[in-house]
Each structure stands twice: as C-alpha cells, then as structure tokens.
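K.L.:
Chains as they are written, first to last, in the numbering used here: chain E, -3 to 487; chain W, -3 to 487.
Treat each hint with caution, since some may be false.
Copies of the same chain are indistinguishable here, so a pair counts whether it falls within one copy or spans any two.
[As the list claims (entries may be wrong)] Below are the DSBU-like pairs computed for lysine-lysine, each with C-alpha atoms no more than 30 angstroms apart in a straight line:
1. Lys32 <-> Lys153
2. Lys468 <-> Lys9
3. Lys152 <-> Lys6
4. Lys157 <-> Lys6
No wet-lab data here; the hints were simulated from the structure. Please read these numbers as outputs of a predicted model, since none were measured by experiment.
2 protein chains.
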Amino acid sequence: MFESAEIGHKLDKAEFKREEPKLRQRLLDLQYELLKKGEFQTIILVNGVDGAGKGETVNLLNEWMDPRHIQTRAFGAMTDIERERPEMWRFWQALAPKGRIGILFGSWYTDPILRRVIGHEKRSEFERRLMGIRHFERMLVSEGALLLKFWFHLSKKSQKKRLNELSSHKKTAWRVGPEEWDHFKHYDEFVDVCEDALRETSTGEAPWEIIEGSDHGYRSLTAGRLLEDALAARLKGVRPVLSPSAPPPAPPVDGRTLLASFDYKRKLDRGVYAKKLVRLQGHLNLLTRSKKMRDRSVIMVFEGMDAAGKGSTVRRITQAIDARFYRVIPVAAPTDEERAQPYLWRFWRQVPGHGRLTIFDRSWYGRVLVERVERFASEFDWMRAYHEINDFEEQLTRSGAIVAKFWLAITPAEQLRRFKARQKTSYKRFKITDEDWRNRKRWPHYERAVNDMIDRTSSDLAPWNVIASDDKLFARIEALEGLCERIESGL
Amino acid sequence: MFESAEIGHKLDKAEFKREEPKLRQRLLDLQYELLKKGEFQTIILVNGVDGAGKGETVNLLNEWMDPRHIQTRAFGAMTDIERERPEMWRFWQALAPKGRIGILFGSWYTDPILRRVIGHEKRSEFERRLMGIRHFERMLVSEGALLLKFWFHLSKKSQKKRLNELSSHKKTAWRVGPEEWDHFKHYDEFVDVCEDALRETSTGEAPWEIIEGSDHGYRSLTAGRLLEDALAARLKGVRPVLSPSAPPPAPPVDGRTLLASFDYKRKLDRGVYAKKLVRLQGHLNLLTRSKKMRDRSVIMVFEGMDAAGKGSTVRRITQAIDARFYRVIPVAAPTDEERAQPYLWRFWRQVPGHGRLTIFDRSWYGRVLVERVERFASEFDWMRAYHEINDFEEQLTRSGAIVAKFWLAITPAEQLRRFKARQKTSYKRFKITDEDWRNRKRWPHYERAVNDMIDRTSSDLAPWNVIASDDKLFARIEALEGLCERIESGL
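Go ahead and model the full structure; you've got the sequences and the hints to work with.
P.N.:
As structure tokens, this is what we get:
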C-alpha cells in the first residue's frame, strides 16, 4: 500500500519556487469562496509517521491561506473533561463550522493505531473502532462536509535518516523524544497496522491520500494541490456519490402498528399514586447519590406527541434529584452556531460528565419524527439518522452513560381533551399554538414515524420505554419505575 | 449584620401550605414572561453557612418553576481547563443566557471567603478580590441582568443543632463531612469575614438579602417572594439606578492628538526588512517554545483603521508559530448565543489555556471604537467599557497571560491609496465594501475614539503599542519586535 510512497519522490527546488505562489493564490481564492458561501465545512486530517512533515504541512497550509478562517487543532493527552465522555466527543467539539477549514493534527485514527501497536489491543476491538470511524466519516460526508485524509509516509530508512537529522540540529532536536524513537522501533508493526487501518477506511466518500514525506517540495505541492482540486470540485457542486439508504419500511399490510395495539386504558388511583410517587422519588434520589454514579452518567430522552405530558413527567423526576446534578435540555430551534454543524452536534455538546444526569425534553429523535413528517429533512437524511443515532447512543453507553428513552403514548382523543383544557387555563395558554393543531392533523403520519423509530432504535443498550399516558398519574409512575430499573441495572 | 437572622424566624406550617401554591403559580408565570421577552438574564446566587438550607432552596426553586429553563450550576474543585484561566472564567461560562434563570450554588464569593478564613489570605488580597467582584456585578447589572444575592444564615447554636440533626439521619448524614465540621470550628471567624464581604459588596445595584435558614417554611417563602418581587418589578421595567459614568473627555483645546502627532514617514528598505523578518520570526518561534510558556499564554490584539494591514501583519506572526499553538480569532458580528450574553462574553470564551497564543483580529475594543462612533452603543455603555476592559485585561494578566495590543496607525491618504489598490486586485476586492467607504468619512471621529481608547486602556500590565503603518514593511517589523519584547519581558 505504501510502495509508491517509498520511491523517493522529489521536486526540483526551482519548480517548487515557480509553482508555490500560483498554488497559494488559488488556495486563498478557494478559501474565500468557501467562506463566502458558508455551505459546508472542510476537514483535513493530517496523519502519518513521525518525521514525515506533518507539522510542516499544517504550518504551511496556515501560511498559504488566511489563518483567521482556519481552525487548527492538535490532540494530545485527554483532559479530565474529555475522559468523562465518549472518545469522539473531543473531535465533535473540534469541528470547524461551515465555511471554515479545520485542520486536525492527529485525529480519530491516532489512538486506535497506537493502542493496536503499542498497547496490543485486540484485533476485534481495533476493527470495531475502525467501523465506528467509517460511520462517523460517512455521517460527516452526508452532512456535506468536505473530508480530506492525508497520510504522510516515510520508508524505514528515510524515517531513521530524518529522525537523526532532526536530533542533530539544535533547533529541531526537541521534536524527537524517547516516544518518537520508541515508535521507530515498532516501525514494521506500525506500517502493518496503518495499512490495515487505511485499507479499512479508504472509502469512496472519504479516501486516503498517501503522500511521501521525505522531500519538502514534493510533499507540500502534493498536499496543496490535493486540497485545491478537492475544494474546487466541491465548490462547483461535485459531491461524492453516497450509496442511497434503504427505502423506508412499508406500513404493515394488516394496518396494525405497535402504538395502535397499545393498551391506553391503564389508570392509577390518586391515593396509590401519591404513595408510589414518594417511594419511587426516594429510591431515585438514593440511586443518583450512589457511589457507583461517580464514574457513570444518566441520559434521559423524553419524546411524545404534543401534550403527552413530557414536562410534568420530567418535573416528577427532577423533584427527586439534587438540582446540582441534573440539567434539563428543552430542545427547540437550533442556534446559528448549531446550524453551522452536523445535525447531532448540538446534542453532543450537551453530553454530561460523570455523576451527572441530563434530561432531554425532545431530542435527536426530532429528525425521524417532526423533520420526517414535515419534510424538513430529506428521506436520505432521516433514513441515515437511524444508524447515526444508534451509533451515538452506543458511544454514550460505552463511555459509561445509562441511556433511558421514554415515549409517552396518548390517544388522539386524549390529546384533544388536553388541548381544550390548556386553552382554558390562562398560564397554560402559551403551551398551545397553531402548530400544535397542525401537527395533530398529521397524526397517522406521526404514528407511523414513531413505530419506525421504535423498531429501528430500540436496542439492548438503549431500549425505548413506551408508556401509556392517557392517565397522567399512571404515566408518571411508569416512567419513574422504568427509570429506576434502568439506572439500577446499569450501575 | 446577621442579628435579625438569628432571632428564630418561623412560619406556621398551615400558612406555608396556604401560601406555597399561590407563590409557585406566580413564579411560574413570571418565569414564562421572562422567557418570552428574552431581554435579560436572571442570576441567583445561593450562598451562606452550611446547613442553612441552601441546597433545599435550590431544589425548591427548580421544583416551583419550569426546570427546563433554569440553569443550575454548582462549583466544586476547578477542572484543569479552569485552572489555566482567570478565576472568573468558569463563572462567565456558567452564565445563563437572556430569558433564562441561572442559579449559582456557591459563587464567586466562596473562594475569597474560604481563603481568608481557612487559608489566612491577607486582608489586602481579600479586599482586592471583593473589589473585583463589585466591578463584575456592576457590569452584569449594567448589561441588564437581574442579580439576586441570597445569604442563608444560622446562629452558631442553630448551626450546631442542624449539623447534628443531619448527621443523625441515615439519609442526610452524607451531607455533613469533616469539611463541614471544620468550617463549624471556625464559625466566629467565618461570620466576621462574611460580614466584611457582605458589607463591602452590598451595593445599590446588587444588594445582599440575608435569610434566616433554620425554618423551612420561613426560608423558602422568603426566598420565593424576594425572587417574585424582583422579577415582577424588573419585568415591569424597573431597573436599579446606576451612577452615571463620567462624561467623555473633551477634545484637547489645541486640537493636537496622539495619533495626529505621530510620525507616519518611517520606512524600511526591503533588503533590511527581509533580514530582520527572518531573525525576528526565528526569535519569536524560540520564545513560543520556551519552557516558561508551559504555564503562560499570550493574547494579542490587533486594531487599526480599515486597510491598516492587520491581516498581513498577523500572517507574519503566525508564520513563525507552530499552528498547533495559536488561534486567530477574526472578530465579526456576534452569533445569537453571544448576543444573549454580556458584551465581553464572546471574548471570555476564547481565552486560551497554558502554552497557547490567541490572536484577536479586532477585539473587545470594538465597543469604544466602531460601536461608539456609529452609535451602536450608548454613551453609558461605551464609557463603562473602558473600566470593564481594564478589569478583563488585568484578570488575564494575573492568570499568567501576556497581553500585547497593537494599533496599526495609518494616514487617510495611505488608506485611500490602499482602497483603490484593493479595488484593482481581483482577489482582494472582497476586502473593500461600501461600509469601508462610509467609515472613512468619519475619520476624525474614529481618531478621537482611538486617542481616548489609548489614553484609558494603556496600562503597565497591558500597554498599547502604536505602530506607524503607512509603510507595511516597517509596521510588520515593529510589531514583531514589540511582540518579542513583550513576551520576553513577560516570561
């Protein structure tokens, strides 16, 4: 795989001198066009072997273009905030917004490769992580991002020569420490593992570009031109062909659906309710203060039709928890900073640290519910959302989060009753808008979307808890019980 | 000061039961009105002695109102990210946006008081910190925030009783640890220091409310009603009277100003420039890699009239620095998340950690330049900005940042020449807009604003470096020299 990058590619100095100013000018023009359009983000991954000119290329790209609109991020040891969250969290935080260029020095590839070579992580784990990366990159490209993956390579001989060169100059000696020499000792294993990694992740939508790193002119001009071509093509509207998603599921031929076959008549007596509520709230409180929560977190999702009782159920839960430990995130229209990022970004930024509980009042499921039904998202976008959401929740779970998802199910008749009641109560009137009436008309569409959602995103790691909510008291107790069970079994 | 809060205030249980639902409803209504208007942020500080019901009050406020629109934050030990920044940084990050209620459990008072009592920090240092707090709170109130400061008090006898009570119940014993008993041993000193703190910071615009904490009903209803009254008044438009700022300085009677008396003719030969540039860039590179940078950061500010050469000067600096270590922040229109916060918030969020350099291409000085001249900010707002900016920069410096500010000074004639040149060069045309021509007409106003800015914000800690920039080569070398000197003397 690296054969062509070991033949000693070299560029005549005079030629580089001639070509550089032209390339630079074109890159700058393209950068401004990107900025002006502001339609997509450009992400450049800079990876490869030590001494192959990664740092030089990062600096050069910043020098060639306007560094004010480039966001360069290098990844070292994790901070304590990062360690408490899924490993991809810090990369989500580092995404440059639309219109900008983000250069990632070291990336989501660094840790899997290092762990495989130095930490002797299992092959199966290594492959699992590569699969996660493929999904992540596919998501980025589907969101419109231009993703460039540069791999800077050196043959074993060239690397040794280069490391020796760097070591012998006072100005560069700091760049070669024990770590670099240690990596060099593992050169052959490294190259084997990297080959695997590159092969497994060189997809049509996000291919790797391997660049021989020994000659400054060759390396720089190659990287620059690859960026130029990719940017120019993308700005002209050329996008990678993504395999289409599977067609949406057809409605069942017998017309019966999960929600429709649900028993909505279950009720709870107020006396029983009051007793159960106190007991369950006490139990929940103890659970949230358990020592085991110190390296765990809880993420709750509440979804349901308008007036299903999300707010009042959430309040019965928060009442039981110390206000210092929970956060409620009411999901409304995204801010402009959020709109300049992939869809899931605004949820990633809310991922809690250890010992914390985050409650989403509506959530990332908006994409496969309202955005699907109201056609705010294309079929391609909401169909891929199922996978992306499953990935997201799997990452949360792996990092120690307990994910508890609730669908509060009501009947159209009950919704109508509540809408009318809301209109009569002064302080609840704000809760009912024209939009609610409009949504109500699309009930069958929503129901179908909900059924599909539950079928496709209920997993062992993050199952849906569908709760009959025509009776509010019953629903609250069910939700509290379900939550306690979920936390207990998760801790 | 605490006398009235030691007399054993108590509320009849029946009365509390009668009053609570009414208060609750009014608070909820007010909360929604606040949310709907979205004009100001409400900040509630919850401080006081251990066992006085702080936690209970925080939980109760969340229970009474809609917790989805309340942001509760508790402050424990600093994270590593927080330790690398000024101590107020984490409070800035925790500010709830306009329309929301932010409850701070523990606040900017906790550390100064603890350090004075337990750490025996000097009285002068304690008072310096209180002064900083007064300035910060005055800023918040000037920005329109509703600031409520609750102090929950217990007499020594009541506190002992309360701590013993909590200890003896299994469910609450966790709340009384060695730290709480240690604080109790210092009760008298604590009360002395808190009295000082409260007296020094109970200002007209942000008074303290002292609430006796021993009785649940009394404490809760008092806090709730104080919040109700304050919110209701503020929503009706009642704002605290802030002492007006001093009048803006009159122009000098002889008409001479700093900028006008500047020598713009200084020039540099291209040969000399090239040599100096290489030498200075090498020097700067070494400085940024110095071991001393490990617990320092550098913040650069570049200001200047349109076409003064900010971008090209910044590029000569970034060329010398490893792209992993610097970030350029081009200051444009604020995002909507930024608009929902006090003016300086969007700069606070960019404060770099240790070992990093942040370059602001335009900055917080916009308030006293373009916003003053174009009347986007009222005189009250831009006049107070001088103090607020000096405070900000002092905090940055105290936390280890080296602040380097550059004004690139050009003459109107040179600007005109550059405008015309830009219009001729295709890829620079985007840089010149109608706005630039409009700004140009206001040259004398800008010049006066610049003079005032330099007079008022050039300090030992963060001096302005005014650079004659009619000759770009001269300006770049001057800026690089100034920057190197500044970093060298700061390290």
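K.L.:
Decide, hint by hint, whether the structure agrees.
P.N.:
Now the hints, each set against the structure:
no., hint, result
1, Lys32 <-> Lys153, "neither (45 angstroms within a copy, 67 angstroms between copies)"
2, Lys468 <-> Lys9, "between (77 angstroms within a copy, 29 angstroms between copies)"
3, Lys152 <-> Lys6, "within (17 angstroms within a copy, 81 angstroms between copies)"
4, Lys157 <-> Lys6, "within (16 angstroms within a copy, 82 angstroms between copies)"
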